[in-house]
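Asks: Okay, here's what each chain looks like letter by letter:
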Amino acid sequence: MTGRDRIFAKIRAGLGVTGHDQDRQAAAARRIAASRRHLTPDRVAGKSHEQHMQLLRGFLEGQCATVVEAASAKDVPRLVAKYLRDTNLPMRLKVGADGYLARLPWSTEPALELRHGRAEAGDEVGLSRAMAAVAETGTLVLASGADNPVTINFLPETHIVVIEASGVVGTYEDAWARVRERFGARAMPRTINMISGPSRTGDIGGKLVMGAHGPRRMCVVIVRA
Amino acid sequence: MKPTTTEFKANARVALDDAQLQRALAGLPGGLVAQRTAARARLPEFEALRDVGRDIRDHALAHLDLYLEEWERNATAAGATVHWAETAADARDAILAICQRAGARTVTKGKSMVSEEIALNGHLEAQGLEVVETDLGEYLVQIRGEVPSHIIAPAIHLTQDQVEADFRKRHTHLPKDRVLIEAATLVGEAREILREKFLAADVGITGANFLIAETGSTIIVTNEGNGDLTQSLAKVHIVITSIDRVVPTLEDVSSILRLLARSATGQEFSTYTTFSTGPRRSGDPDGPQACHIVVLDNGRSELLGSELREVLRCIRCGACMNHCPVYTAIGGHAYGWVYPGPIGAVLTPSLIGVKQAGHLPSASTFCGRCEQVCPMKIPLPKLMRHHRETEFDQGGLSWSYRKGLALWGWLALRPRLYHLASRFGIAALGAAGRRRGSFRRLPFATGWTRHREFPAPQGRTFQQLWAEHRAGLPR
Chain Z
1 MTGRDRIFAK IRAGLGVTGH DQDRQAAAAR RIAASRRHLT PDRVAGKSHE QHMQLLRGFL
61 EGQCATVVEA ASAKDVPRLV AKYLRDTNLP MRLKVGADGY LARLPWSTEP ALELRHGRAE
121 AGDEVGLSRA MAAVAETGTL VLASGADNPV TINFLPETHI VVIEASGVVG TYEDAWARVR
181 ERFGARAMPR TINMISGPSR TGDIGGKLVM GAHGPRRMCV VIVRA
Chain E
226 MKPTTTEFKA NARVALDDAQ LQRALAGLPG GLVAQRTAAR ARLPEFEALR DVGRDIRDHA
286 LAHLDLYLEE WERNATAAGA TVHWAETAAD ARDAILAICQ RAGARTVTKG KSMVSEEIAL
346 NGHLEAQGLE VVETDLGEYL VQIRGEVPSH IIAPAIHLTQ DQVEADFRKR HTHLPKDRVL
406 IEAATLVGEA REILREKFLA ADVGITGANF LIAETGSTII VTNEGNGDLT QSLAKVHIVI
466 TSIDRVVPTL EDVSSILRLL ARSATGQEFS TYTTFSTGPR RSGDPDGPQA CHIVVLDNGR
526 SELLGSELRE VLRCIRCGAC MNHCPVYTAI GGHAYGWVYP GPIGAVLTPS LIGVKQAGHL
586 PSASTFCGRC EQVCPMKIPL PKLMRHHRET EFDQGGLSWS YRKGLALWGW LALRPRLYHL
646 ASRFGIAALG AAGRRRGSFR RLPFATGWTR HREFPAPQGR TFQQLWAEHR AGLPR
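Going line by line, the protein sequences match chains Z and E.
Reminder that position 161 of the first sequence reads as 161 in my numbering, one-by-one numbering, no gaps.
Positions in the second sequence are counted from 1; adding 225 to them yields my numbering.
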């Protein structure tokens, strides 16, 4: 008998079950297949997309992120450049292979330099695309991979995240529906990062300090169309 | 970690006299407690969500074997290696073996209470590994040679002045005359030092707040992002977790996450909630090349069939300790083992026995605040009472304590005699103390009168007053 066998034997003894009980097995299988939603907050339930956009913006700003809105995708390079200039940051971005980001008209901002790949120690600004944003708490949902390497979310001191308005949803459950749509049922990328503002800590004397280990600042660009 | 739970009374006395500790703990009511109250007020569904959360956890525990199997299948399919550890020693050995196979020298760690439970750091260090805690609070505690005093705010017992002194003592490569007045400067110093460690690490170890059966994922929740750098930069990611962490679906965990941050820190949501599933995929430019998940039992499976099962619902938010009059008076170290506060008073005797930890559930007035704020509605006072009964049944407690309890029990079962005795006692005490209105010293009550005066009874018992009230007599 292995350690695993003994642990499962003790669990089953404690529960008074055998592990071959078909009713229990069916109940567990049904639960997983159903993706059943529980209570979701009124602050987003039945609200319009525009209300979700306003909530998202409000929560993100409350969580110390900067939020800018782009009327259309072609405005994104200009807004990114403006944010970097206004914040007195280098005009150099590290970005993954995301097709949407690659198609943006970066040539309109010649001062911006885009470097591609995962983030390294010296990278100061990272650019990512979120696959969804959850209005109920101002939370961005990023999926790792070659398109949006996970290190870009954490290593650079500044993180710029682009989210299309169509990716703005009410609840976490809505975001999971998008994840299942993209990766398939029961499948996940290596990492899903839910991010609600820049890194912070309260570990020294209970005082809130931004930029503990991850980004010190975050800029979210919401693309209207 | 070697428990000092048997020394609880002495530990508590030292803590009460520790002025520095008292200063640090004084921040709790205006901090985490007030923040939770505000977050709860912003979400009208909060109380209803507590019922949802409790039901999810109860369902998961009732089908624990099946969801663990499903989780294991999906985690393995995603490329993770799952290791089952019956005991703390099994878990330590499994982790050491993984580190040694990886040829590791430097190991970074995200915050994990299970790793404290299995005393992991010392075990790895004894084999020559450098182990670096990266959660800022954990780092502060590690450089002092201490253990966490709170499950989510490990350094809550320290003031900023102490941190400054520790950094000056420890970070000797930095200029002695540097200015460290601001908390932000201290955080910046730690950030730079730990960034080097993240980049140098061979193995990154994190805990897991939850396991998702549906997808085989593990979840961590942080505000600093340290757990993410820990698992994304090292070649090997090891997750140390326990069998009770599994929930069925992403929808289930979403409901619980709505309660976790609000109960813990009063945030709407923690800054980083990370779902990790296996190692990096083909084509991924980053992420760990291997992922190992060590799942610890260490006595939890035996609680499933006992009256203590409800304690396994715990999601480790820390709200019970923040609201506990005992914890906020003595801090976490006095509890003498990994889990302090009300949850510790239930979990510690459950895992290491009431013989070792019987003092913990006894150190409660049963005020019930812990149960009121617990997002999983764990009946903590009821479970503490269960431990007290077990301790009594096992013949623990002193002779005088047992005799006193037996006498009181005998009397309480005879209501008429009880009323008579209390009337007589109250009247006698009232007469003796009428002139001063209180007692400076009272036999059998020196534990009270040593610290404060004992008010003299006003002459009649509550039972008498109640009877008069019901008869409509004026007071």
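No lab work stands behind these hints: they were computed from the structure.
The structure displayed is predicted, hence computed values, not measured ones.
C-beta atoms are modelled at their ideal positions from N, C-alpha and C, and glycine is treated no differently.
Watch out, some of these pointers could steer you wrong.
Some chain E residues judged to face chain Z by a derived CB distance under 8 Å, without partners named [said to hold, decoys possible]:
(1) L289
(2) A310
(3) A313
(4) Q385
(5) G450
(6) C592
Restricting the straight-line Cα-Cα distance to at most 25 Å, the calculated cross-link-like pairs of lysine to aspartate or glutamate (DMTMM-like) are [stated by the list, open to error]:
(7) K10/Z with E297/E
(8) K207/Z with E414/E
(9) K10/Z with E407/E
(10) K82/Z with D21/Z
Asks: It remains to establish, for every hint, whether it holds in the given structure.
Replies: Cross-check of the supplied hints:
For L289/E, the interface hint holds, since its Cβ comes within 8 Å of a Cβ in chain Z; the closest pair sits about 5 Å apart. About 7 Å separates the beta-carbon of A310/E from the nearest beta-carbon of chain Z, less than 8 Å, and the hint is met. A least Cβ separation of about 13 Å between A313/E and chain Z goes past the 8 Å threshold, and the interface hint is therefore violated. Annotation: interface hint on Q385/E holds; nearest CB of chain Z at approximately 4 Å, less than 8 Å.
Interface hint status for G450/E: upheld, as the beta-carbon distance to the closest one in chain Z is roughly 3 Å, under 8 Å. Among the interface hints, the one on C592/E is violated; its C-beta lies about 24 Å from the nearest C-beta in chain Z, farther than the 8 Å criterion. Restraint check for K10/Z and E297/E: the C-alpha separation of about 17 Å stays at or below 25 Å, so the hint holds. Simply put, K207/Z and E414/E have alpha-carbon atoms about 16 Å apart, close enough for the 25 Å limit, and the pair holds.
For the proposed pair K10/Z and E407/E, the alpha carbon gap of about 52 Å is over 25 Å, so the pair is violated. Distance restraint check for K82/Z and D21/Z: the Cα-Cα separation of roughly 63 Å exceeds the 25 Å cut-off, and the hinted pair is therefore not satisfied.
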